[in-house]
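Colleague: Please model the entire structure based on the sequences and the hints provided.
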Amino acid sequence: MSWNSLGDNIHDDEILLPVRGGYILVTMLGALLLNLIPLPGWVSSAMPDFVAVILLYWSVFQAHRVGLWPAWVMGLLMDVADASLFGQHAAAYCALAFAGIFLHRRIQMFPMSYQIAHVLGILLGQQALQLVVRLAASAEPPDMLYFVSSLTGAALWPAVVVILMLPMRRSRHPNEV
Amino acid sequence: MQASAAPIFKRGPSLLTRLAFFSLVSITLIVADVRFRYLEEMRAGVSVALYPLQEVAALPGALFSRMGDFFVTQASLSRENEQLKRERLLSGAASQRLRALEAENEQLRRIVNAEPVPGRSPTVAEILYESRDPFTRKVVIDRGTMHDMKTGLPVVDHRGVIGQITRVFPLVSEVSLLTDKSQSIPVQNVRSGVRSITFGLGHDGAVELRFMPVNADIQVGDLLVTSGIDGTFPPGLPVAKVTRIDPNAASFARIHCAPVAGVSSFNRVVVLSPGPERPENPLAAAGKTVAPTASPTPRKP
Chain E
1 MSWNSLGDNI
11 HDDEILLPVR
21 GGYILVTMLG
31 ALLLNLIPLP
41 GWVSSAMPDF
51 VAVILLYWSV
61 FQAHRVGLWP
71 AWVMGLLMDV
81 ADASLFGQHA
91 AAYCALAFAG
101 IFLHRRIQMF
111 PMSYQIAHVL
121 GILLGQQALQ
131 LVVRLAASAE
141 PPDMLYFVSS
151 LTGAALWPAV
161 VVILMLPMRR
171 SRHPNEV
Chain P
1 MQASAAPIFK
11 RGPSLLTRLA
21 FFSLVSITLI
31 VADVRFRYLE
41 EMRAGVSVAL
51 YPLQEVAALP
61 GALFSRMGDF
71 FVTQASLSRE
81 NEQLKRERLL
91 SGAASQRLRA
101 LEAENEQLRR
111 IVNAEPVPGR
121 SPTVAEILYE
131 SRDPFTRKVV
141 IDRGTMHDMK
151 TGLPVVDHRG
161 VIGQITRVFP
171 LVSEVSLLTD
181 KSQSIPVQNV
191 RSGVRSITFG
201 LGHDGAVELR
211 FMPVNADIQV
221 GDLLVTSGID
231 GTFPPGLPVA
241 KVTRIDPNAA
251 SFARIHCAPV
261 AGVSSFNRVV
271 VLSPGPERPE
281 NPLAAAGKTV
291 APTASPTPRK
301 P
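Top line first, the protein sequences correspond to chains E and P. Per the working numbering, residue 1 is the first one in the first sequence, and the count goes up by one each step. Per the working numbering, residue 1 is the first one in the second sequence, and the count goes up by one each step.
Just to be clear, a hint being listed does not mean it is correct.
Label pairs and their computed distance ranges (CB to CB) [stated by the list, open to error]:
hint: 1; chain 1: P; residue 1: N81; chain 2: E; residue 2: V148; range: 40 to 50 Å
hint: 2; chain 1: P; residue 1: V48; chain 2: E; residue 2: Y23; range: 24 to 34 Å
hint: 3; chain 1: P; residue 1: R191; chain 2: E; residue 2: L151; range: 46 to 56 Å
hint: 4; chain 1: P; residue 1: Y38; chain 2: E; residue 2: L29; range: 27 to 37 Å
hint: 5; chain 1: P; residue 1: G193; chain 2: E; residue 2: S138; range: 28 to 38 Å
If you are wondering where the hints come from, they were derived from the structure by calculation, not from laboratory data. For every residue, glycine included, the Cβ atom is placed at its ideal position computed from N, Cα and C.
Modeller: Below, the structure written as structure tokens:
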């Protein structure tokens with residue numbers, strides 16, 4: 001199996017179980033928990049924004065289930081946790097969820113490398129939006145390390161796709177071919 | 001294939017409409033936060049809801065450091081113990097001298113009929129985490145309004161000033177470090193007595209003195225301590241050391257300083273209680289709008 005077909009075996013030859021709302025909620029809380037882990041300065045700026053990645057995952061693969069409001073609520077939580085402007089993450093995550101839902105058919109069709117490129121673009125756009133909001137509120141522009149978290153977030157995408165789909169796979173009956 | 005099917009008949013407003021709605025609400029929130037500082041109660045409510053999650057998220061780090069504590073060697077422990085004993089001896093001698101001086105000072109003040117200077121009671125707080133926001137320099141401590149924290153209180157460690165509380169929640173508070181772009185502290189040069197104000201630059205390990213004349217009596221290595229004229233910080237706390245002076249600027253020297261306190265390498269800090277009540281600002285009382293010096297107002301360019 002080539003690296004590019006990483007998610008394909010899940011896509012093509014089996015039908016996934018329907019997703020429970022509780023599962024979506026649990027993954028989002030888990031991502032929030034990962035974001036809240038206190039880390040020293042440069043490590044935390046290189047860490048991916050787990051909440052953004054998980055939100056993007058659900059808006060791509062469950063475009064009809066999750067709308068924009070989960071993104072908005074998670075954004076408000078992140079705003080308080082990060083001590084950033086109230087509404088800054090909320091607006092950025094809404095734009096991210098919108099992009100995910102808008103492009104969900106295209107992203108699902110693509111092989112993994114193209115998916116990562118799309119994810120990287122959306123994550124960078126989300127961060128750029130936050131940057132614009134902060135610069136408009138007269139903040140000092142941060143160093144280029146700021147965008148590293150989008151790179152690591154996009155690198156995380158294949159793992160997120162495989163791991164989050166695991167509970168949705170049917171257990172194969174041993175007698176089946 | 002995903003098993004979930006799209007609804008045949010579309011319900012509700014279109015995606016673009018919903019995006020416009022949420023963007024509008026978010027922008028309203030941002031403007032309310034930046035311009036008018038509304039929504040602090042809403043923020044406090046969300047903060048309380050987040051607190052258990054933050055506690056859980058801090059567990060691995062706490063566990064790791066406890067494991068580290070467990071595996072320290074006997075040699076390093078005894079070395080540290082030795083050093084602490086020596087430090088205690090030194091600071092014990094210093095504090096005895098301080099007590100004598102305080103008594104003498106009080107007596108002298110009584111002679112000249114000056115008001116006594118009340119002491120400030122300290123509260124020890126633990127740093128929960130550094131804020132992930134790359135635009136500000138803030139840390140969150142585990143003391144809030146339930147422990148009588150207020151905005152504006154100075155925060156110090158055993159070496160010097162760290163910053164100031166800028167937002168309080170019921171259980172936690174945000175401390176803006178002195179390197180934050182919105183933080184400025186009135187200081188005085190210990191060697192020459194020159195007064196100035198440190199401004200945070202927005203990145204770690206550096207503050208600067210602005211608008212100092214080129215011939216001001218400041219040298220590399222000078223220690224700057226709080227001057228106390230703001231009424232927020234008690235006078236005499238070490239703030240920063242002068243590291244570099246650029247005299248080539250047109251009319252003012254750029255003076256770079258390094259904070260004395262371990263701004264990003266500590267986990268326990270001391271919050272000092274508010275100082276004595278100050279008389280009302282006569283200009284404010286006269287109806288003019290004067291920015292209060294004690295509150296950290298974000299500066300607009």
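Colleague: Next, verify each hint and record whether it holds.
Modeller: Here's how the hints hold up against the structure:
no.	hint	result
1	P:N81 x E:V148: 40 to 50 Å	holds, 41 Å
2	P:V48 x E:Y23: 24 to 34 Å	holds, 27 Å
3	P:R191 x E:L151: 46 to 56 Å	holds, 48 Å
4	P:Y38 x E:L29: 27 to 37 Å	holds, 28 Å
5	P:G193 x E:S138: 28 to 38 Å	holds, 34 Å
The structure meets every hint from the earlier list without exception.
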